[in-house]
Amino acid sequence: MSPGVMPTLMNCSRPPSGKAPPRRRTGDSDPGGASVLRLRCLCGGRSGPKTLQMVIVSVQAGREQAHHQACRERKVIMNGNIIVGISESGPSRAATSWALDHGGADRGEVVLTHVMTIADSENRKTTAVASARLAEHAAVARLASPHVTVSTELRVGDALNELIECTSGASTIVMGTHKTGFVRGRVFVSRFIQLAASAHCAVVFVPSRSGRNAHAGIVVGVTTSELDRAALVFAAREAVSMGSKMTIVHCWTLPDIADEMFSAHAKRSMLESLRSDKILSAAETIVRTTEPALTTRMRSIRRPTAEGLIEASTSALLLVLGQSREDGASSRVLGHTVHDVLLNLTAPTAIVTTNP
9 MSPGVMPTLM NCSRPPSGKA PPRRRTGDSD PGGASVLRLR CLCGGRSGPK TLQMVIVSVQ
69 AGREQAHHQA CRERKVIMNG NIIVGISESG PSRAATSWAL DHGGADRGEV VLTHVMTIAD
129 SENRKTTAVA SARLAEHAAV ARLASPHVTV STELRVGDAL NELIECTSGA STIVMGTHKT
189 GFVRGRVFVS RFIQLAASAH CAVVFVPSRS GRNAHAGIVV GVTTSELDRA ALVFAAREAV
249 SMGSKMTIVH CWTLPDIADE MFSAHAKRSM LESLRSDKIL SAAETIVRTT EPALTTRMRS
309 IRRPTAEGLI EASTSALLLV LGQSREDGAS SRVLGHTVHD VLLNLTAPTA IVTTNP
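Under my numbering, the first residue of the sequence shown is numbered 9, with each subsequent residue one higher.
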């Protein structure tokens with residue numbers, strides 16, 4: 009600074025460019041962890057007053073920023089609205105209960121959403137009844153969880169398409185179901201599982217009888233660690249927010265080869281087991297990077313993937329699976345593992361979509 013030039017604290021409501029400066033609160037710092045003090049240099053000139061930045065390196069400011077950043081990252085995984093698909097069935101209550109448990113001051117509001125057909129919407133009495141039931145559902149939810157902001161939305165159109173549309177900008181959509189079964193036994197078919205392939209956010213399916221004997225924490229299934237990164241991060245942050253442990257599961261099988269010697273089969277089995285351990289180790293590294301203090305265990309299961317995941321999540325608070333989607337893909341196609349698991353739910357299951 010030139011001799012004789014007196015700096016004064018800058019109270020700049022709008023700089024010469026006409027754009028308002030970003031608001032800074034007391035104690036704010038730049039990305040490098042240094043406090044920023046803005047000064048106005050009164051040295052004049054054709055270009056007018058010049059603005060200088062004096063960067064005061066502050067260890068304390070850096071520590072505070074790191075702390076706040078960590079808090080932001082450890083906040084609940086869902087920082088947008090949580091949509092709950094509401095129907096007249098009992099599973100809607102299970103879905104609402106799950107959403108309320110995951111709502112709160114640091115998360116977005118819970119939006120109870122019901123979709124009417126176009127034909128029903130043209131009947132005033134039917135519309136009034138639907139609105140009243142939705143309002144009643146919301147009133148019960150507010151009484152159960154007064155700390156959660158609950159709102160309602162009544163939409164008209166095709167139920168699946170409307171639910172897909174309302175996931176844009178949401179953090180999660182939650183659907184309830186009373187269907188459970190086994191991969192080789194009782195199953196159900198519902199077009200709403202296509203939400204998992206088409207929604208713009210994570211999709212959670214909640215069986216009506218889930219959580220009664222849940223003690224296994226969060227279970228996340230992996231195939232290859234990089235493709236499942238989004239699911240791993242989602243599961244890790246959910247485990248931290250719930251104060252739960254986490255289990256990473258990788259399932260594998262060996263194809264039957266006719267007339268294969270025992271020694272060759274044993275060698276293939278050993279190699280596949282080592283490959284599974286490598287995948288689990290890479291997945292654990294991703295989790296450690298996201299949540300270093302999280303208690304994590306790994307399971308390598310020699311069993312068809314869907315069957316192994318269903319078995320591993322029988323007593324889980326939540327099962328998390330990744331669903332890959334090609335960039336720009338519009339088809340509602342589920343991977344066969346996700347499809348089989350959703351047809352045979354044993355625990356609340358979150359499907360997290362990632363673009364490769």
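Derived by calculation from the structure, the hints in this document are not laboratory data.
Computed from a predicted structure; not experimentally measured.
Backbone N, C-alpha and C fix where the C-beta goes; we use that ideal spot for every residue, glycine too.
Treat the hints with care, as some may be off.
Unchecked claim - Computed Cβ-Cβ distance ranges for the label pairs, DEER-style:
| id | residue 1 | residue 2 | range |
| --- | --- | --- | --- |
| 1 | A136 | T297 | 29 to 37 Å |
| 2 | E173 | D128 | 14 to 22 Å |
| 3 | T297 | R132 | 41 to 49 Å |
| 4 | A290 | D128 | 19 to 27 Å |
| 5 | G98 | S289 | 53 to 61 Å |
| 6 | G88 | S332 | 34 to 42 Å |
| 7 | T362 | K275 | 28 to 36 Å |
| 8 | S281 | S176 | 40 to 48 Å |
What the hints assert, rightly or not - No more than 35 Å apart at the CA atoms, straight line, and that leaves these computed lysine-lysine pairs for DSBU-like:
| id | residue 1 | residue 2 |
| --- | --- | --- |
| 9 | K275 | K286 |
| 10 | K253 | K286 |
| 11 | K275 | K253 |
Checked hints:
1. At about 53 Å, the CB distance of A136 to T297 disagrees with the hint of 29 to 37 Å.
2. At roughly 18 Å, the beta carbons of E173 and D128 sit within the given window of 14 to 22 Å.
3. Our hint of 41 to 49 Å for T297 and R132 is violated, since their Cβ atoms are close to 56 Å apart.
4. For the hinted restraint 19 to 27 Å between A290 and D128, the CB-CB distance of approximately 50 Å leaves it violated.
5. The hint said 53 to 61 Å for the Cβ distance between G98 and S289, and at roughly 42 Å that hint is violated.
6. Checking the proposed 34 to 42 Å range against G88 and S332 shows it is violated: the Cβ atoms sit about 22 Å from each other.
7. The given range of 28 to 36 Å is respected by T362 and K275, whose C-beta atoms sit roughly 34 Å from each other.
8. Distance hint check: the CB atoms of S281 and S176 are about 43 Å apart, consistent with the given range 40 to 48 Å.
9. For the hint linking K275 to K286, the alpha-carbon distance of about 17 Å falls within 35 Å, and the restraint holds.
10. For the suggested pair K253 and K286, the alpha carbons sit about 21 Å apart, so the restraint of at most 35 Å is met.
11. For the suggested pair K275 and K253, the alpha carbons sit about 34 Å apart, so the restraint of at most 35 Å is met.
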